[in-house]
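Chains as they are written, first to last, in my numbering: chain A, 38 to 522; chain B, 499 to 745.
Worth double-checking, as some hints may not be accurate.
The list that follows gives simulated cross-link-like pairs (lysine-lysine, DSS-like), each with its CA atoms no further than 25 Å apart [what the hints assert, rightly or not]: (1) B:K501 <-> B:K728; (2) B:K649 <-> A:K466; (3) B:K561 <-> B:K606; (4) A:K511 <-> B:K606; (5) A:K440 <-> A:K301; (6) A:K495 <-> B:K649; (7) A:K466 <-> A:K440; (8) A:K301 <-> A:K466; (9) A:K466 <-> A:K499.
Think of the hints as simulated: they come from the structure by calculation, not from any bench.
Each chain, written out:
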Amino acid sequence: MSTEKEDLQRLAEEEYKHGFYTDVEADSLPPGLNEDVIAHISSVKNEPEWLLEWRLKAYRSWLKMKEPRWAFLRYPEIDYQDIIYYSAPKSQKDGPQSLDEIDPELLDTYNKLGIPLVEQAMLAGVVGVAVDAVFDSVSVATTFREKLAEDGIIFCSMSEAVQDHPDLVREYIGSVVPITDNFFSALNSAVFTDGSFCYIPKGVRCPMELSTYFRINAAKTGQFERTLVIADEGSYVSYLEGCTAPVRDENQLHAAVVELVAHKDATIKYSTVQNWYPGDENGVGGIFNFVTKRGKCLGDNSRISWTQVETGSAITWKYPGCILQGDNSIGEFYSVALTRRRQQADTGTKMIHIGKNTRSNIVSKGISAGRGHNAYRGLVKIGKGADNARNYTQCDSMLIGDKCGAHTFPYIEVNNPTANMEHEASTTKIGEDQMFFCQQRGISPEDAVSMIVNGFCKEVFKELPMEFAVEAQKLLGVSLEGSVG
Amino acid sequence: MLKIKNLHVKADGKHILKGVNLEVKFGEVHSIMGPNGSGKSTLAQVLAGRPGYEIVEGEVWYKGEDLLELAPEERAREGIFLAFQYPVEIPGVANTYFLRAALNAQRKHRGEREIEAGEFLKLVKEKAAMLKMDTSLLSRPVNEGFSGGEKKRNEIFHMAVLEPVLGILDETDSGLDIDAMKVVAEGVTSLRSPDRSFIVVTHYQRLLDYIVPDYVHVLSEGRIVKSGDKSLALELEKTGYAWANKG
Numbered sequence: 038m039s040t041e042k043e044d045l046q047r048l049a050e051e052e053y054k055h056g057f058y059t060d061v062e063a064d065s066l067p068p069g070l071n072e073d074v075i076a077h078i079s080s081v082k083n084e085p086e087w088l089l090e091w092r093l094k095a096y097r098s099w100l101k102m103k104e105p106r107w108a109f110l111r112y113p114e115i116d117y118q119d120i121i122y123y124s125a126p127k128s129q130k131d132g133p134q135s136l137d138e139i140d141p142e143l144l145d146t147y148n149k150l151g152i153p154l155v156e157q158a159m160l161a162g163v164v165g166v167a168v169d170a171v172f173d174s175v176s177v178a179t180t181f182r183e184k185l186a187e188d189g190i191i192f193c194s195m196s197e198a199v200q201d202h203p204d205l206v207r208e209y210i211g212s213v214v215p216i217t218d219n220f221f222s223a224l225n226s227a228v229f230t231d232g233s234f235c236y237i238p239k240g241v242r243c244p245m246e247l248s249t250y251f252r253i254n255a256a257k258t259g260q261f262e263r264t265l266v267i268a269d270e271g272s273y274v275s276y277l278e279g280c281t282a283p284v285r286d287e288n289q290l291h292a293a294v295v296e297l298v299a300h301k302d303a304t305i306k307y308s309t310v311q312n313w314y315p316g317d318e319n320g321v322g323g324i325f326n327f328v329t330k331r332g333k334c335l336g337d338n339s340r341i342s343w344t345q346v347e348t349g350s351a352i353t354w355k356y357p358g359c360i361l362q363g364d365n366s367i368g369e370f371y372s373v374a375l376t377r378r379r380q381q382a383d384t385g386t387k388m389i390h391i392g393k394n395t396r397s398n399i400v401s402k403g404i405s406a407g408r409g410h411n412a413y414r415g416l417v418k419i420g421k422g423a424d425n426a427r428n429y430t431q432c433d434s435m436l437i438g439d440k441c442g443a444h445t446f447p448y449i450e451v452n453n454p455t456a457n458m459e460h461e462a463s464t465t466k467i468g469e470d471q472m473f474f475c476q477q478r479g480i481s482p483e484d485a486v487s488m489i490v491n492g493f494c495k496e497v498f499k500e501l502p503m504e505f506a507v508e509a510q511k512l513l514g515v516s517l518e519g520s521v522g
Numbered sequence: 499m500l501k502i503k504n505l506h507v508k509a510d511g512k513h514i515l516k517g518v519n520l521e522v523k524f525g526e527v528h529s530i531m532g533p534n535g536s537g538k539s540t541l542a543q544v545l546a547g548r549p550g551y552e553i554v555e556g557e558v559w560y561k562g563e564d565l566l567e568l569a570p571e572e573r574a575r576e577g578i579f580l581a582f583q584y585p586v587e588i589p590g591v592a593n594t595y596f597l598r599a600a601l602n603a604q605r606k607h608r609g610e611r612e613i614e615a616g617e618f619l620k621l622v623k624e625k626a627a628m629l630k631m632d633t634s635l636l637s638r639p640v641n642e643g644f645s646g647g648e649k650k651r652n653e654i655f656h657m658a659v660l661e662p663v664l665g666i667l668d669e670t671d672s673g674l675d676i677d678a679m680k681v682v683a684e685g686v687t688s689l690r691s692p693d694r695s696f697i698v699v700t701h702y703q704r705l706l707d708y709i710v711p712d713y714v715h716v717l718s719e720g721r722i723v724k725s726g727d728k729s730l731a732l733e734l735e736k737t738g739y740a741w742a743n744k745g
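Isolated chain A, as found in the complex (with noise of 0.2 Å):
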């Protein structure tokens, strides 16, 4: 009856045309996992002796854990056997030799997230362009590694820091997401591969965010991410995960862990943009992310603060969550989650107040258009021990066509009579009355979309670092037009 109804069902099922594809020349083990892929991991990363009997006993309990099945989400069995857990860093000789050589579609991604010509074939996997040649990388990253040096600010590869700092990595590794936490957080401490460290000392306010761009010329992350982010007693960072880029990689399965740590009086802020490969329209070849994110507010006065993006892969299971250990300590997760096509989401936190007088704030904003669905699944839990706990949480659905979905799954657990939690959850539609309403301005109907979806997203965009916010936006937008042009 409506084309308006239509145009919403077309945007919303436009092709991805922001995916590229780098071939890997691979010097790997063959498929499959058993102790000996694990040994070979660890000897080639030259790793002390108690790493490999950690990565051990993390596949031995691994073995005896079962896939969770609990989440909103359909995918078919993943074969473990199937994929290789190892392969030596690629030499990109039969790269794209120049940005003429990519997709022009993909360029004009690019250039609509005003994204700089050297970054752009950085990401597009130019060769040559990653390691050094157009773009001084090695010396970007080195000038940044030297200032943040200078005030005892470590930053660098979880495989260099298991070789520098085995001692700060021995301490914290596994003590906010124990190695039997769960089975993709067994799995990925068994075989990581590389990640980020980073360690803020006493007192010290990190002088610039933080973000993997600035060590573009570390070894490349595989598909098991391992990040650990230390704050020591009154120290403050502000960490930026991922890139607005579209990103597409071989390895359809990815199980990273994050851990945090705030010590007394610390702040941790984690942003994340997370923008992989959706799968096509029918939802085959796109990325299955299963990730364990904790931060452990383990002192006094500390903080916390997770801010995501999430706009792509094919599957998210994702819960960033806090540990409220500390008195005084505050916990926030601030969420957009955007599922179109037949993408599924079941995202969403985890609250655990144990010290006294904490707090900890919850604002999802989930957004489903085209078959995508949507859930979001959130835990507060106030320990017997938390006196005077504080939760808000605010979780809100939109709805764009009507072939989406969008799902609530909170769960609240107190054990404290002093606890004060309030929850509200709303749940619209983008209507045609508002769509109508643009229109009428004489505001097209793609743009119309963005600045809707945008308008309802302000809450969570306005936590992310300035400029982050302002890509972070220009994805959503980009995200739902779907046809760039």
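Got chain A sorted already, so can you dock chain B onto it with the hints?
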């Protein structure tokens, strides 16, 4: 500038407009009056291009173009403005941000450059002052938490900033107290010019004390049953719509 010929419109299978004829020239103000359910709002919505209506028969020509061929945003960019009877809320989108996007979309269509931030702010403040709008309404999200009266005033504010060629007011007076109505009417009157026309849809004639129309039409059961000048509105007030039906 606008010519409606024998317009028949259905909504949800129901025949609502049954052969409307109307001609509006540049600079004229036409008022459409009529009882509830006569099709007044439908006419306003169809002119603005709201989806969900089936044009069964008839033609609408606007500035020499077939209006019914244009998408709603194209009509807006060509200068058609509809002040909504029930203005829509857009949470999280600041009123001025929205308005600037709208203005720039229209300017782009006309081949003009985008308006600069300073220039836009000046324009917006000037128009808000004219309509005695609380300036806090400018930075708040579009219509969110606005009172009924504030929403209607905001519509006229949008119209004042966008400066349309044809302004269609769909029962803008409903829900307004007399003071607010005066301000709104003054705003509309100040926009009157030889290059701009208005169609004022209203149920009551009191608005027409302040926006004096050149023509008054009575719409009843999907047809214009009577046309006249301002005095027709006054007669209607005395005798009711039943009289017009017979006439």
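Review point. Failing hints, ascending?
Key: Checked against the structure, the hints that fail are numbers 5, 8, while the rest are satisfied.
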